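Undergrad: Given the sequences, and given the hints that come with them, work out the whole structure.
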Amino acid sequence: MSAVLELRRVLKRFGETLGVGPVDFEVQEGEFLTLLGPSGCGKTTTLHIVAGLLHPDEGTVTLGGRDITRLDPQHRDMGLVFQNYALFPHKTVFDNVAFGLRMRKVAQSKIRDRVSRMLEVVGLPGVEARQPHQLSGGQRQRVALARALVIEPSLLLLDEPLSNLDAVLRKRMRHELREIQQRLGIATVFVTHDQDEAFEMSDRVILMNVGHIEQVATPEELYNSPTSRFAAEFIGEVNLIDGTVASLIGDSAVVEAALGGRYAARGDGGALGVGDKVLLMVRPERIGIETSPSANGEAVEATVANRVFSGNTLIFTLRTASGIELTASKPSTAQYRDIAPQSTVWLDLGDCRLLPRET
Amino acid sequence: MPDSNKTVPSAMHLKASSAAARYGMGFLITAIYAFLLAPVLIIVFTSFNPTNANTFPPTGFSLRWYGTFLETSGFTDAFRFSMWLGAIAAVGATVIGFLSAYAIVRFLGRRREAGQSLALLPVMIPHILISISLLLALTIVPFPELGGLIVGHIIICLPFTIAGITASLEGVDEQLELAAMTLGASRLRTLWEVVIPLIAPGLLSALIFAFIVSFGDVYIALFLSGPGRTTLPIEIFSYMQWESTPVVAAITTVQILMIVALGLVVERLVGLRKIMRV
Numbered sequence: 505m506s507a508v509l510e511l512r513r514v515l516k517r518f519g520e521t522l523g524v525g526p527v528d529f530e531v532q533e534g535e536f537l538t539l540l541g542p543s544g545c546g547k548t549t550t551l552h553i554v555a556g557l558l559h560p561d562e563g564t565v566t567l568g569g570r571d572i573t574r575l576d577p578q579h580r581d582m583g584l585v586f587q588n589y590a591l592f593p594h595k596t597v598f599d600n601v602a603f604g605l606r607m608r609k610v611a612q613s614k615i616r617d618r619v620s621r622m623l624e625v626v627g628l629p630g631v632e633a634r635q636p637h638q639l640s641g642g643q644r645q646r647v648a649l650a651r652a653l654v655i656e657p658s659l660l661l662l663d664e665p666l667s668n669l670d671a672v673l674r675k676r677m678r679h680e681l682r683e684i685q686q687r688l689g690i691a692t693v694f695v696t697h698d699q700d701e702a703f704e705m706s707d708r709v710i711l712m713n714v715g716h717i718e719q720v721a722t723p724e725e726l727y728n729s730p731t732s733r734f735a736a737e738f739i740g741e742v743n744l745i746d747g748t749v750a751s752l753i754g755d756s757a758v759v760e761a762a763l764g765g766r767y768a769a770r771g772d773g774g775a776l777g778v779g780d781k782v783l784l785m786v787r788p789e790r791i792g793i794e795t796s797p798s799a800n801g802e803a804v805e806a807t808v809a810n811r812v813f814s815g816n817t818l819i820f821t822l823r824t825a826s827g828i829e830l831t832a833s834k835p836s837t838a839q840y841r842d843i844a845p846q847s848t849v850w851l852d853l854g855d856c857r858l859l860p861r862e863t
Numbered sequence: 015m016p017d018s019n020k021t022v023p024s025a026m027h028l029k030a031s032s033a034a035a036r037y038g039m040g041f042l043i044t045a046i047y048a049f050l051l052a053p054v055l056i057i058v059f060t061s062f063n064p065t066n067a068n069t070f071p072p073t074g075f076s077l078r079w080y081g082t083f084l085e086t087s088g089f090t091d092a093f094r095f096s097m098w099l100g101a102i103a104a105v106g107a108t109v110i111g112f113l114s115a116y117a118i119v120r121f122l123g124r125r126r127e128a129g130q131s132l133a134l135l136p137v138m139i140p141h142i143l144i145s146i147s148l149l150l151a152l153t154i155v156p157f158p159e160l161g162g163l164i165v166g167h168i169i170i171c172l173p174f175t176i177a178g179i180t181a182s183l184e185g186v187d188e189q190l191e192l193a194a195m196t197l198g199a200s201r202l203r204t205l206w207e208v209v210i211p212l213i214a215p216g217l218l219s220a221l222i223f224a225f226i227v228s229f230g231d232v233y234i235a236l237f238l239s240g241p242g243r244t245t246l247p248i249e250i251f252s253y254m255q256w257e258s259t260p261v262v263a264a265i266t267t268v269q270i271l272m273i274v275a276l277g278l279v280v281e282r283l284v285g286l287r288k289i290m291r292v
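Chains as they are written, first to last, in this note's numbering: chain A, 505 to 863; chain B, 15 to 292.
Treat the hints with care, since some could be wrong.
[What the hints assert, rightly or not] Keeping only pairs whose Cα atoms sit at most 20 Å apart, straight-line, the calculated SDA-like set for lysine to any residue is:
(1) LYS609/A with LEU205/B
(2) LYS834/A with GLY779/A
(3) LYS595/A with ILE210/B
(4) LYS595/A with LYS609/A
(5) LYS595/A with GLY185/B
(6) LYS595/A with LEU202/B
(7) LYS609/A with SER200/B
(8) LYS595/A with LEU205/B
(9) LYS595/A with ILE273/B
(10) LYS609/A with TRP206/B
(11) LYS595/A with GLN189/B
(12) LYS609/A with LEU202/B
(13) LYS595/A with VAL186/B
(14) LYS595/A with LEU192/B
(15) LYS609/A with THR204/B
(16) LYS595/A with THR204/B
(17) LYS609/A with ARG201/B
(18) LYS595/A with ALA214/B
[Unchecked claim] Stretch-level coverage of chain A by chain B, calculated; a stretch enters the list once three of its residues show a Cβ under 8 Å from a Cβ in chain B:
(19) 508-516
(20) 786-797
[To be verified] Here are some chain B residues pointing at chain A (derived, C-beta under 8 Å):
(21) MET195
(22) ARG203
(23) LEU205
The hints are simulated quantities; they were obtained by calculation from the structure and are not laboratory data. Quantities reported herein were computed from a predicted structural model and do not represent experimental measurements. Think of the CB as a built atom: it goes at the ideal place given N, C-alpha and C, for glycine as much as any other residue.
TA: Right, dumping it as structure tokens:
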């Protein structure tokens with residue numbers, strides 16, 4: 505696999521404030537890469553730099569080995585789908601989709617074929633003569649996608665394309681978008697603030713925060729092995745427990761935790777020393793709840809402070825003897841339904857992750 | 015309320031007073047319109063006078079002064095020249111106005127307010143001063159007088175075209191332009207393919223408005239139109255210094271009709287713009 509797009513030390517300021525950077529990443533052939541982060545994290549700025557709508561102050565952008573840092577958007581060979589679709593309201597669907605081909609001086613007869621074929625790909629055959637305002641939100645989205653794809657760009661850019669759709673349609677479009685992307689095998693950069701979208705669609709996720717890259721990982725790695733407190737808290741629910749490093753073995757550490765007892769935790773222990781303050785991370789569904797103390801006596805005793813039923817899961821709020829509150833989610837099966845509030849339980853923290861404690 | 019001994023005003027009372035207020039307001043508005051339009055109506059009626067005198071009400075009905083207008087080459091030449099000048103000034107002011115408005119809306123950023131105020135400055139300066147300045151400039155720069163007249167008219171039309179086109183451009187989503195550019199269109203091509211079609215009604219009304227402003231101008235033409243190139247208002251002005259017949263009323267009526275017709279077109283276009291925005 506080779507990189508289609510590469511960003512090296514790219515940095516962009518808006519006046520005095522830092523927009524983004526420096527960021528480094530590359531997009532592999534056929535890869536679906538997501539820029540994920542809260543609003544204002546620089547993900548859209550990064551996408552606009554890739555598309556050429558903004559020029560970076562520092563760094564280089566290369567597409568297929570060619571330096572395009574200063575190239576105007578019209579020469580970049582990328583298809584961009586905007587959040588509000590940005591369909592030309594005065595043109596028919598056909599003229600919208602055909603626009604990029606006309607700019608490339610493709611022969612009229614070929615344009616007709618390619619437009620109708622692309623409308624089939626996005627699941628909207630035969631709407632060529634309609635006006636954009638006659639289409640539903642989902643249909644406009646597909647036309648915008650067809651318009652970006654018909655020029656056969658070397659890179660597809662998607663700027664929160666699903667956020668204007670209703671919840672049901674949004675879920676369906678996730679799968680369809682991913683399916684079309686895989687069928688065409690086109691390298692794609694997708695921008696979203698929605699973690700579920702990022703996880704369901706992406707090969708890799710770049711998590712961004714206040715202008716810099718927090719972590720680059722597959723969705724699974726990002727969920728299971730976050731490398732920072734921000735990453736752990738941004739993605740899914742998480743319990744964070746204060747602790748102190750007691751001993752180090754390679755990448756793992758034994759941590760003296762604030763809730764009493766010592767726990768082995770995996771993580772980036774290389775930069776740590778004995779005695780350093782750290783955080784232990786446990787996902788709520790990884791906490792084991794037992795109604796009797798375990799044989800080896802390692803389990804933590806806790807009281808059920810609250811129990812919330814949310815369909816297929818039960819969410820427990822547990823208070824340990826040392827006063828620390830933990831959240832655990834368990835399937836709402838008979839085994840857990842019987843655990844009443846105020847009862848005493850024993851917790852197994854299982855696999856903990858080691859996180860640096862940021863000040 | 016005048017009767018203050020009534021602590022709770024009855025519903026009837028409220029109704030009566032609001033009805034009175036409504037009639038009062040209606041009367042006031044009618045009076046204002048009558049005041050504004052009366053001179054125009056008087057001119058229109060006067061133009062049908064069969065005699066030499068500008069009497070109102072007219073002593074009969076005749077179209078002889080319209081005939082006189084068409085037979086007097088001084089007037090018809092001036093009319094034709096005003097039309098020609100208006101067309102050139104309107105096109106010039108609309109093209110320059112479009113480019114300026116586009117720059118103000120898309121490129122000025124935070125300095126936009128300042129740019130807009132600066133562009134509207136010629137409305138604040140008395141036209142006679144613009145005229146004198148241009149006349150003085152012509153004594154320094156070797157430039158044909160006709161050019162000075164055209165430039166003067168473009169200057170007085172520009173604030174109107176810039177203001178109108180700026181308003182139209184504000185309704186165009188910048189993302190549409192960015193989309194066109196990512197699809198391979200240059201900035202110029204984007205203007206032609208996306209921006210201009212979307213603000214076409216605004217451009218047309220700017221064109222018409224500029225034409226009306228140019229056609230009605232006296233001050234610029236007063237100093238800058240030479241012999242053989244008199245605009246209609248100047249021709250009327252010099253005619254009235256020596257003679258006074260209802261032919262002036264006839265010419266004015268023709269102009270009023272023209273302006274009303276153009277005004278209706280603008281009205282239709284502004285209505286159209288709402289439809290175009292989707």
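Undergrad: Indicate, hint by hint, whether the structure satisfies it.
TA: Hint check:
The suggested pairing of LYS609/A with LEU205/B holds, with an alpha-carbon distance near 18 Å, which does not exceed 20 Å. Restraint check for LYS834/A and GLY779/A: not satisfied, since their Cα atoms lie roughly 34 Å apart, outside the 20 Å limit. In summary, the hint linking LYS595/A to ILE210/B is supported, as the alpha carbons are separated by about 13 Å, within the 20 Å threshold. Proximity of LYS595/A to LYS609/A is assessed by CA-CA distance (about 18 Å); at most 20 Å being required, the pair is judged to hold.
For a cut-off of 20 Å, the pair hint linking LYS595/A to GLY185/B stands: about 17 Å separates their Cα positions. A distance of roughly 18 Å separates the Cα atoms of LYS595/A and LEU202/B; the hinted pair therefore holds under the 20 Å criterion. For the given pair, LYS609/A sits about 13 Å from SER200/B by alpha-carbon distance, which is consistent with the 20 Å threshold. A hinted pair counts as satisfied when its Cα atoms are at most 20 Å apart, and LYS595/A with LEU205/B qualifies at roughly 14 Å.
Restraint check: the Cα-Cα separation between LYS595/A and ILE273/B comes to about 33 Å, which exceeds 20 Å; the hinted pair is violated. Under the criterion of a C-alpha separation no larger than 20 Å, the hint pairing LYS609/A with TRP206/B is consistent with the structure, at around 16 Å. A C-alpha spacing of about 15 Å is found between LYS595/A and GLN189/B, which places the hinted pair at or below 20 Å, so the restraint holds. About 16 Å separates the Cα atoms of LYS609/A and LEU202/B, which keeps this hinted pair within 20 Å; it holds.
For the given pair, LYS595/A sits about 14 Å from VAL186/B by alpha-carbon distance, which is consistent with the 20 Å threshold. Distance check on the hinted pair: LYS595/A and LEU192/B sit about 16 Å apart at the alpha-carbon level, within 20 Å; holds. Taking the CA atoms of LYS609/A and THR204/B, the gap is about 15 Å. The hint holds against a cut of 20 Å. Restraint check for LYS595/A and THR204/B: satisfied, since their Cα atoms lie roughly 13 Å apart, inside the 20 Å limit.
As the CA atoms of LYS609/A and ARG201/B are separated by approximately 17 Å, the hinted pair is consistent with the 20 Å bound. Of the supplied pair hints, the one linking LYS595/A and ALA214/B holds, its CA atoms being roughly 14 Å apart against a limit of 20 Å. As drawn, the segment 508-516 of chain A meets chain B at 0 residues by the rule of a beta-carbon pair under 8 Å; below three, the given contact is violated. For the segment 786-797 of chain A, the proposed coverage by chain B is not satisfied: 0 residues have a C-beta within less than 8 Å of a C-beta in that chain, short of the threshold of three.
Hint on MET195/B holds. Least Cβ distance to chain A is approximately 5 Å, under the 8 Å limit. Of the supplied interface hints, the one on ARG203/B holds, with its beta-carbon coming within about 7 Å of a beta-carbon of chain A, less than 8 Å. Hint on LEU205/B is violated. Least Cβ distance to chain A is approximately 13 Å, over the 8 Å limit.
In summary, the structure is inconsistent with hints 2, 9, 19, 20, 23 from the numbered list given earlier, while agreeing with the others.
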